[in-house]
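Listed below, chain by chain, are the residues.
Protein chains: 2
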Amino acid sequence: MKRYEKFADEIADLIRTGVLAPGEKVPSVRHASRTYGVSPSTVFQAYYLLEDRGLIHARPRSGYFVREHAQSPLHEPEISSRQAQTTEVDVSELVFSVLGSLKDPNTVPFGSAFPSPHLFPLARLARSMAQSIRHMSPHEVISDMTGGNPNLLRQLALRYMVSGVMLSPDELVITSGAMEALNLCLQAVTSPGDLVAIEAPAFYATLQVLERLKLKAVEIPVHPREGIDLDTLADSLARLPIKACWCMSSLQNPLGASMSEEKKRALYALIQRHQVPLIEDDVYAELYFGTQPPKSVKSFDRDGLVMHCSSFSKSLAPGYRVGWVAGGRYAEQISRLKLMTTISPSVPAQAALADYLQHGGYDRHLRKLRHALEAQQGSMLASAARHFPASTRVTHPTGGYFLWFEFPEQVDSLKLFQLALAQGISLAPGPIFSATRRFGNCARLNYGHPWDAQSEQAMAVLGQIIGSF
Amino acid sequence: MKRYEKFADEIADLIRTGVLAPGEKVPSVRHASRTYGVSPSTVFQAYYLLEDRGLIHARPRSGYFVREHAQSPLHEPEISSRQAQTTEVDVSELVFSVLGSLKDPNTVPFGSAFPSPHLFPLARLARSMAQSIRHMSPHEVISDMTGGNPNLLRQLALRYMVSGVMLSPDELVITSGAMEALNLCLQAVTSPGDLVAIEAPAFYATLQVLERLKLKAVEIPVHPREGIDLDTLADSLARLPIKACWCMSSLQNPLGASMSEEKKRALYALIQRHQVPLIEDDVYAELYFGTQPPKSVKSFDRDGLVMHCSSFSKSLAPGYRVGWVAGGRYAEQISRLKLMTTISPSVPAQAALADYLQHGGYDRHLRKLRHALEAQQGSMLASAARHFPASTRVTHPTGGYFLWFEFPEQVDSLKLFQLALAQGISLAPGPIFSATRRFGNCARLNYGHPWDAQSEQAMAVLGQIIGSF
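These protein sequences, in sequence, are chains V and F. Residue numbers for the first sequence, in UniProt numbering: 1 to 469. Residue numbers for the second sequence, in UniProt numbering: 1 to 469.
Incorrect hints may have been included.
Pairs count within a copy or across copies, as identical chains cannot be separated in the list.
Mimicking DSSO-like on lysine-lysine, the simulated pairs with C-alpha atoms at most 30 Å apart in a straight line are [what the hints assert, rightly or not]:
id : residue 1 : residue 2
1  : K214      : K243
2  : K25       : K6
3  : K243      : K216
4  : K216      : K368
5  : K214      : K103
6  : K214      : K25
Everything labelled a hint here was simulated from the structure, so no lab data went into it. Computed from a prediction, not measured in an experiment: that's the story for all the values here.
Let's have the full structure, built from the sequences with the hints guiding it.
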């Protein structure tokens with residue numbers, strides 16, 4: 001063990017034992033160097049390592065601070081495998097049995113895919129809805145169906161522009177949520193039997209859509225912090241006739257991984273070299289905890305190869321079912337498929353969102369939402385540290401509302417799911433995130449609901465069940 | 001020519017020349033028998049024939065009256081062919097080029113698929129939307145996505161009950177318009193390459209959906225008044241491995257044909273014998289002109305073989321994108337496909353419709369709407385009689401908002417479409433309604449917009465173009 005690693009471990013222990021509390025400043029480099037008799041460069045290296053482990057974070061011109069959830073003694077999971085796996089997909093039954101269990105409103109919703117609706121400005125949205133629908137001309141009710149609400153298209157293009165992506169509203173197709181967008185993108189570029197590169201673990205709906213469209217999955221492993229493994233993807237693209245890649249480049253579901261900007265650029269270069277379209281599912285992008293919004297792979301797209309899908313369901317208006325895709329060279333094809341499938345998302349819902357984006361204070365709401373989610377993440381991580389076995393591993397995502405737990409080998413997460421449900425607690429077991437039903441000792445837990453005594457109690461119960469395996 | 005046929009023609013002439021005006025009572029049987037020296041039974045037979053031709057209609061205990069549009073000298077088209085045709089479908093490009101032409105709001109919208117939005121209670125709906133969304137609990141915003149709005153489900157089941165169809169709300173799946181419902185139904189019961197029996201002419205979206213899902217169409221001819229040809233269908237079902245039937249049993253698009261109750265019962269017996277599921281597209285059912293609502297094939301369904309699809313888009317709330325399917329034995333499968341495709345239609349739109357159905361006066365609105373459409377049909381038929389060649393044939397549908405014209409042989413309706421568009425008039429040319437691009441001298445015209453001088457002028461221009469072929 002190198003000197004800086006030893007020093008980093010010492011600081012980590014101070015954090016874990018609560019000597020250095022969450023939010024507290026860690027000693028400055030100068031102070032630490034003098035006090036502990038190590039070189040400033042050793043301190044620097046140690047702090048970089050701790051930052052990398054998610055225990056501390058830098059604030060510009062203020063130094064390093066202990067992160068809110070840093071007292072978690074749980075390590076991050078390793079990347080699961082370095083090999084791509086090709087397989088037919090047959091996971092839907094399992095997913096539906098899990099989803100069916102979430103219907104009971106009295107269940108603690110750790111298994112849910114949605115954050116708490118209380119985090120959203122529903123009353124303000126209702127006002128936007130009432131106002132916009134009162135002022136809607138009869139003509140618009142019909143015309144907004146084929147082309148989408150023009151004001152919403154403008155607002156979306158504006159937000160893309162601010163994030164560094166220049167696109168014409170023509171490239172945007174408004175859809176019935178991101179789920180429809182993803183379905184249409186995949187249909188636009190594949191035929192039954194084709195191979196599609198996806199993540200492992202992947203959002204279970206990805207697997208269901210592949211199954212429905214009779215596509216084969218090439219599972220590419222995802223690093224819990226750095227995202228999809230590019231070497232494996234490059235190898236698969238070279239060896240196999242892959243027709244499309246589908247990935248979440250930021251705050252990946254379920255791991256929360258975000259690729260670095262450099263890595264996103266490399267991913268784009270890779271798909272450009274192979275001229276394989278990329279479906280970029282970016283629905284969590286607005287839920288980052290840092291100061292800088294993550295860039296999308298779309299922002300590097302020169303060839304129109306990237307279909308960038310998102311929605312308002314996770315960040316503003318669940319239930320409104322309005323999403324979109326910036327479809328690049330596939331935009332017209334996607335738009336036609338949409339006209340053949342659902343024609344249009346609800347016109348009043350589009351108008352309400354356009355009004356809200358213009359007048360409702362979306363960015364203010366997002367800042368509040370991000371803070372709430374970051375605090376809740378800290379609470380769940382701390383609670384997991386208290387109640388779960390020490391050998392449990394957990395992700396430290398920099399946004400979103402999911403944690404991915406890797407329990408000790410002997411834990412069967414499907415059994416865990418059943419036992420927990422019997423006690424009124426839901427969770428999303430690992431195997432629903434894999435076409436090959438891997439991740440049998442893993443689970444995704446949702447921290448998107450305000451943390452309270454019931455949450456804490458539920459974590460304690462889960463800890464007991466996990467310990468009983 | 002029989003005596004009663006000759007007598008019928010004489011009365012028809014009186015109507016056409018305006019001697020007997022629309023709305024006027026025709027001579028009573030006793031009076032006619034005495035005045036014209038024919039037997040009462042000859043008069044009876046003649047009046048039945050005139051009724052059959054759509055020139056007069058009976059009012060209970062009042063006798064026969066001239067129909068509003070009876071001065072139309074145009075005959076009805078014949079059934080096009082008695083043979084089923086099996087074919088790959090490849091009509092989408094043509095359909096999109098026609099639809100694209102409808103975007104200009106200054107075009108006379110005879111080619112549109114929608115009635116005028118001015119015919120709908122948009123302000124009252126807006127009130128229902130504002131009210132229901134204000135009172136919606138945050139929990140409902142999430143829970144209504146998976147299961148549908150419970151009040152809307154109840155209202156729908158109630159309307160089914162009143163129409164004689166008993167079903168549990170469990171059998172109902174709320175969808176993003178009828179278009180999504182039809183897509184999901186077809187996916188639930190077919191795989192790529194399968195044969196599906198459809199109508200000829202058929203709603204063009206039917207053809208597009210088959211094309212998208214790589215299904216093959218078995219085209220069954222439709223009689224312009226009596227609907228699908230059951231003998232041909234029976235023969236096709238006996239000879240071919242047909243996986244599903246898809247038809248509009250009432251007010252078929254584009255012909256406006258409605259099957260008799262007896263024929264619907266026979267259709268059900270047929271599919272039951274072959275155990276082939278029926279997708280019943282019933283979106284125009286509420287737009288009947290008579291006093292009795294048409295029954296659905298679903299009302300005879302004992303085996304859960306019928307998937308009955310409808311929506312509010314044609315009768316109440318275009319642009320809200322809320323439809324549904326009573327899915328019979330396929331309901332759960334359809335519901336799962338929906339969760340994988342769009343998850344849910346807009347939750348606020350569902351709530352608004354539930355509130356409107358309960359408090360808005362839907363049946364009162366429907367009565368008004370039916371009267372408006374019937375009057376507009378009369379206006380278009382009368383105008384066609386004035387401006388189109390006498391050998392033109394036209395349907396006399398008992399509801400909806402489409403007329404189907406069969407022009408003289410030499411008229412190429414795709415050319416007609418281009419020439420009319422250049423003069424600011426849209427129409428839906430016959431070939432987009434057929435997988436085999438038949439109906440080259442036919443067109444569908446929409447009378448769903450209030451009739452005015454511009455409409456009349458547009459018919460005159462169309463007449464000139466038609467005459468120039």
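Results of checking the hints against the structure:
1. K214 with K243: both (13 Å within a copy, 19 Å between copies)
2. K25 with K6: For K25 and K6, the Cα distance is within 30 Å only inside one copy (20 Å; across copies 105 Å).
3. K243 with K216: both (10 Å within a copy, 25 Å between copies)
4. K216 with K368: neither (41 Å within a copy, 53 Å between copies)
5. K214 with K103: within (28 Å within a copy, 35 Å between copies)
6. K214 with K25: neither (53 Å within a copy, 63 Å between copies)
Going down the numbered hints, you'll see the structure goes against 4 and 6, while the others check out.
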